Amino acid sequence: MTDAVASLAEAAPRGLSRGRWALIFVAFAVLVTLLQYAGLLPAALHRLPENVIPPFAIWLDAIFNFVKDDLGLLTLTRTLTEGLQWVLDVTANLLFGKRRWPNIGPIPWTAIAAVTGVIGYSLGGWRMALLGAGTFTWTALIGQWDIAMQTMSVLVVAAPLAFMIGLSLGIAAWKYAWVNTAIKPILSVLQTLPFFTYLLPAVIFFKVGPTAGAVATTIYAIPPMILMTTLGLQKVSPEVVEAGHMSGCTRLQLLRHVYIPSARTEILVGVNQVIMLCLAMVVLTAFIGMPGLGAKLLAMMGSFKLGRSFEIGVTIVLIAVMLDRMSKAWVVKQPEHFPRGTPWWRKHIMSLLAVAAFVFFCIVAQFFELASEIGRRQSLSMGKEIDTLIKDFLAVEWVKATTGFLRAFLNVKVLIPFRNFLLSIPTFALILLIVAFALRLGGHRQATYAAIFFSLVALSGWWDRAVITLYSVISAVTLAMLIGLPIGILAARSEKWSRRVLLACDTAQTFPSFVYLIPAIMLFGITDIAVIFSILIFAMVPLIRYTIEGLRTVPAEMTEAADMSGATRLQKLWKVQLPLALPTMAVGFNQAIMFAFFMVIIAAFIGTQDLGQELQRTLAGTDLGKNFVLGICVALMALTFDLTILKWASDQKKLLGLDR
Amino acid sequence: MIDPTPVISARNVWKLFGPNPKAYLAGLPEGHSYDTIREDGYIAGVKDVSIEVGRGEMLVIMGLSGSGKSTLVRCFSRLHDITGGFIEVEGQDIMSLSEKELIELRRNKMGMVFQSFGLLPHRTVLQNVAFPLEMRGQDRHERRERALEVVKLVGLEGREEYFPRELSGGQQQRVGIARSLAIEPDIWFLDEPFSALDPLIRREMQDEFLRLQEMLGKTIVFITHDFDEALRLADRIAIMKDGAVEQCDTPDRIVLNPATEYVRKFTEDIDKARVVHAGVLARADVSGEGDPVMASASVHDLAKLLIEDRRAEIPVAGNGQILGALNRQEALNILVGSG
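Sequence order for the protein chains is A and B. For the first sequence, numbering that gives the first Met the number 0 begins at 0 and goes up steadily by one. For the second sequence, numbering that gives the first Met the number 0 begins at 0 and goes up steadily by one.
Same shape as in the complex, but just chain B (with noise of 0.2 Å):
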């Protein structure tokens, strides 16, 4: 399901905010620390960050207000210029595009979701929608079309002459989904989409994004201070503090083996059993023996299996096949909350 090959492909990027940024990058000894930089006048957004992602992923980027994971997504889409690195998106080093090829990349290729929406006031829910058509002249008929197939998509069909102020949180974020599905971009990028809306709305549009990818399947760049929204949409999560990313891993091996102190402070409260799958428990050395349960279950699907079968070792398949087994006590201590 996930091709290897990378889409965006971060080395060592960096993005300094200050006077003078790239000349202070370049006499910057190693291992300085972000409060270090601070006194020297300057605010690293994002600190020598070199991550991937690949086709069709869903990447979540999670951390608290000024960790950087916005200014890194803006990095990505070169909203803003990195000071040092280099980014790759689909092969291409976008620092060195020109205007021209930049705006040719967003047009095709990139959309982008913002936290408090960024529609336009004076424009329809169609209008808004068909914005970016706009931007890259197609003809009218053909935008009122695609536009209103989009519309439909995310279920706002019977408001495409109301104007952004009429609508609700929800349905504001609608429109702000569809325009950036417009182009049929191939790299989703979504700013914190959700966390102006109200927890129950919040829930219900997680769902239909879920739908969504389900349906469209592309790469994307989610980012949240949520580790709840984190964890239930990701298919491998990044956790950032002062500009760095501290782990980057999928949710069960975050949960399990939190690299750093601060990343184990997050995952204290989660409850691990609804988190970590059968499959990650496996080990392949072990076999086991009996009916295999499947990688996909979490521990908390397994918990009746786990209580009730007497067996030390339970094999695990997936796709199909035996991927090993995953030892019953150690599954028990996570369910019960002493792993």
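Pulled out of the complex, with its shape left as it was, chain A reads as follows (with noise of 0.2 Å):
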């Protein structure tokens, strides 16, 4: 406590001149804007100007070119590509039955789900074991089967090949601390870098189709892995290493024995979030090719044809719900002893079920046509009949009303002004005033962090770009935050539905992001509402989420306190609950902004002028310097926010002394 007095203390008059700075750098960015409205700066100090931009995407190219040719990495990932491409194959063919190697495929729908049946239910009991099974039984039939197949193919080779990486890199930054400095920056960067970054380098380097993807589906689900395992390995309670030290174990012996099993818990959950990251980017990687269930929505949402995406949509979302699910069953379930004598059949009954259950099926399969593959006309798709249904409810009157309402009044009246009135601020008065927002909620290194990076976004030339992706993400989140936050208050005022709200949360936030667009297409269509209505529910998820647990976990004295001083509800809640939650909202916050510059890439499908369409529009070709350039832009304003209100966040904390 005496710590955080002291630091107070010291803040205190630090906090005052800051401020100050911040207010004198708002002044002048307001000074500089009057005078371009009054025609009377120079058009040079609006925007940069074309001249002094330099060329970075040509650069940029020189550089991957001679890395790519003249340095033979091209071959090189050529090379690993057969590799990978072979074990691709392999799955392919047992999965859909693509024609290569064993040729055996493809394996019965009845075979694979009945047998992750039987893994549902060693996990989790019978309900798990119905969601494993009836995921798979829905996708068959509904007619999705070789689709969804075409997806896990590649997921079940990038998932296993992301959580080795990770595991080893997180190994090696645990041990040495140079390997840790060196990882620190580049996983920061790689998690705001939008994921169109990720796909065509894939893609110049390992050919399109199923090998990038894997190759982007891998690669994007490596950091949190490698957090989680540094964190699992530091956690590894003192004692037990040095038991393993008395027990004569050597290095390897250590690591492999100790430390590893007793980090299982965070190795687990590491193992969750690669699943969960490589299903989002597998969908995604439809950008760029990779046939599947992304594939399908993308096409299926192009030509508008919303009862198949919906659908599609519910497929995707069943399989994340199923993958979660199991992969955190999996995370809590600890060995069970048998009893003494127990026979070797009982102790692998399981395993034993799910063998057999596989050779029945395959073998039913073998006589029932219909056990084996379900066809396009058995298939029960309602595709047709959901279309019409959707088309009658946005036709009923009130709908129709209110969406037009919305559609009118919040673009023209809010929406289009907010973003001319950005786009008409001068370049170097907005930097001045993002540098004022960091340097009040963070400090002198996040003010100059501020200054760097959105200095570079202007020397990148994309600014006009770059402000109208600003201007989705703070109208989008602005509109959440009203949205999500009175959600959150009300929900935290029972336990009941708070656990309801939270559960509600964590489901919705394993959805793979590209589904969130389905339902504003639905309702808004292919229109600039359905974009931001898009980030919205997105970033909604986080706010809530955080909103509830930072409510929740006001100690309860504090609350007690505030009852016994004859506080109102409402004063309470303004008084004693909102300042101590605010640090972890904070923190939500700060998730809602990152996850809606990850949206706002996403929504470049349904049409925008910002960054992402342009990021799009690079996958067409081999335009790798400029991929890259405004794949940084993204990653570098994200990174702003993200530096800023994290440090805000555990400054607070440490003021309330709520971090020990």
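A portion of the hints provided could be inaccurate.
[Said to hold, decoys possible] The calculated DMTMM-like cross-link candidates involving lysine to aspartate or glutamate, where the alpha carbons are at most 25 Å apart (straight line), are:
id: 1; chain 1: A; residue 1: Lys174; chain 2: B; residue 2: Glu103
id: 2; chain 1: B; residue 1: Lys217; chain 2: A; residue 2: Glu241
id: 3; chain 1: A; residue 1: Lys652; chain 2: A; residue 2: Glu548
id: 4; chain 1: B; residue 1: Lys108; chain 2: A; residue 2: Glu241
[Said to hold, decoys possible] Sample of chain A residues at the chain B side, in silico, Cβ under 7 Å:
id: 5; residue: Glu238
id: 6; residue: Glu241
id: 7; residue: Ala242
id: 8; residue: Ser246
id: 9; residue: Gly247
id: 10; residue: Gln252
id: 11; residue: Pro260
id: 12; residue: Thr264
id: 13; residue: Pro334
Simulated from the structure, these hints should not be mistaken for laboratory data. Just so we're clear, the structure is a prediction, and the values are computed from it rather than from any experiment. For each residue, glycine too, the CB sits at the ideal point set by N, CA and C.
Two independent chains are provided; combine them into the complex using the hints.
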């Protein structure tokens, strides 16, 4: 506590001057903007003139070409591709019968569903069994078996690969401090880099199709595995390690028998995240022509077949929920002992059952065509019917009135004027405003980063597009706060509702981001509002979640003290709970912004004029330099917010003494 | 019973924690106190300790938390590398051992029990106990046999297939003890093995421990912060404060002649009559007359005799011969608590 007081006393005078500096920056920015409105500002000060913008893209291209051709990286990666290609062919043959070695596939859907059911049962009882078997049965019945298996065939290769690489790097980062220092900044950039930036290099270095998809997916899923591994290894109790030393372990034995098993929980949480990120990314690889659920969804949404899109969305969501629940059940599952003298077959009953079910259904499939494959004719897809249903619903008078009003009011009165306002601010003034923000909330370091990062964005020559990206993010997050915070505050009032809403948020977070486009397009068609709406619902999830968590974790004695001081409910909320929950809520706010930056790029698919749109265009060609410049622009903007808000949250936690 | 040749011998051992301990120690003037060292940004975990442990002896290291007792025992087993001084184990300077030799030493000669057990959560009782054997590469059948034997020894028969989290605290520590005994170590380190247990279980485990020691007769370094426990178990007690040993002696002598104020405070509330034995009170220059008392009897055991007997000097016998005689008044003073 004394520490906190001391740092408070120390921070107070600096905080004052920091605030004053921020104010001066804002005032100056306003002045410059007013000058611009009055027509007194020279054009060169409004936007950077074309001729001072360095050709980053061309330089980068030159570097890439050098690495790619002259250093022979391309040859190397293409060689690596051969191996990966071979593994992918095997899984493709097994899962959906691609004509490659070993030429025994496809495995009948009934066999896969049954085995998944058995795995589900052993992990989490009947409910999990039903979820596992049910998901695959639905997929088969709805006639999406083949595309789902195309997706799975990449997933089952990418996830283990990401796991192994992540684990090894995690161990290295834990063992050697220099690896850790080297990896950390790369990880934080990777986590804010838009996914399109992962895709193009993958295409160039690893050919179009499943191989590039698998590579991009793997790379995308590695960072959390590294972090969780390092965290888990650091948390192993020192006594357990000493017990290992005293048992005479060599270094390798210590790692294999003591450290890794003791870090089991964190490593498995990492596995869960790897699986979920892989699924999210593998769906997005549709943008580089990877066939599968994502590609089908993209095609269906493109041709506005909402019924079929909806069905595919359900399949993706079911698979996501199934994978998430099962891997989480695995995290919690602890080994049970068997009573002495248990026969061998009883100890391995689950594995035996799985094998038996597999063999049984493989044989059944030989005799009944339906148990092996469900063709287009027999499938129960209701795409057309759902289409009409949606159209009828949208045509209902009040629905039409509501969406129409939202479109007219929000778009014309709020969003477009806001966008035009942002665009009208001179580059220099906008950077100043952001620096002031970073200075006020974060500190000198954050302000410096903000200045450097945004100046780089300005120098990249994509300023207007960057501002439009920023506009989408800011408007969507603001709207998400207007809706999400009240929901969170209301839900936090009762234990029961907190639990329910948190469960809903948890589930929603497992959905691959792509799925969020479906309701947006359904309700608002291909419009600006749909873009904002899809970002909004995606960003609302962490906002609600952290609001509830922040409010629920306010120490009981503080709320009791407020009660005993005779505070009304509203006073208690405003004076006690919210101030104490604010640091946690800020973390949620930060995540909402990161999510928004992620989604705004995907929303390019609907049609935007921002960086995402340009990024998506680069995918068609081999414009690696431009792709990187655009990607880095997005990452730099996201990083600025990330650094500033997280710094503020941790400072605030320290001040309130909540960090211990 | 106690072989005087030392198994562990420590001379002027230092363990400093801080940015550059070796260089700091080299420039450290004599007689710097714990607090001055701390002001310089270093923590003296072990401060100039010299101590010896004889074969078959049970040395109890006693001190409050932060006094450096756990650090000292970790220096003996080289879980910590010491900053200065020498530690010899069985005549070998352990700081000169290579990693391979150190592993060999631990695999064959040392066992250690930890305060919060340090069990591997993913292994069954049997697998935990067999772990050190597995590490040194014994074959599966042999290590199973041995592990079953030790599990039986600590009274966990029938729980071999349980996982640690399915056991109570006392049972978990039995597993820890069994594991440390699996390789038949010569030297046995116990770092506050019973501190995490309930008082009743603690008592039971102490009895169990004494029973084991009776059978096995190992050289033991036992750490505790509980003076009663120390008195119950120890051949000799070393009392530590701020990384240094304040006094190292038999329980009787510590109770009778505390070397420092700090030690005296510890002994204040102790029922000395139960600790002090006739043997210590016996003075060789006096002979006394009549029937002798046994040297191993505590003053408390002799209470009735001391009050009823009229002799001023009572002879004391041990190992079948007269060692001398004790002064009855002196013993009575201890009995009524004014000694």
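Each hint, compared with the structure:
no.: 1; hint: A:Lys174 to B:Glu103; verdict: 24 Å, holds
no.: 2; hint: B:Lys217 to A:Glu241; verdict: 21 Å, holds
no.: 3; hint: A:Lys652 to A:Glu548; verdict: 14 Å, holds
no.: 4; hint: B:Lys108 to A:Glu241; verdict: 16 Å, holds
no.: 5; hint: Glu238; verdict: 4 Å, holds
no.: 6; hint: Glu241; verdict: 5 Å, holds
no.: 7; hint: Ala242; verdict: 3 Å, holds
no.: 8; hint: Ser246; verdict: 4 Å, holds
no.: 9; hint: Gly247; verdict: 3 Å, holds
no.: 10; hint: Gln252; verdict: 6 Å, holds
no.: 11; hint: Pro260; verdict: 4 Å, holds
no.: 12; hint: Thr264; verdict: 9 Å, violated
no.: 13; hint: Pro334; verdict: 6 Å, holds
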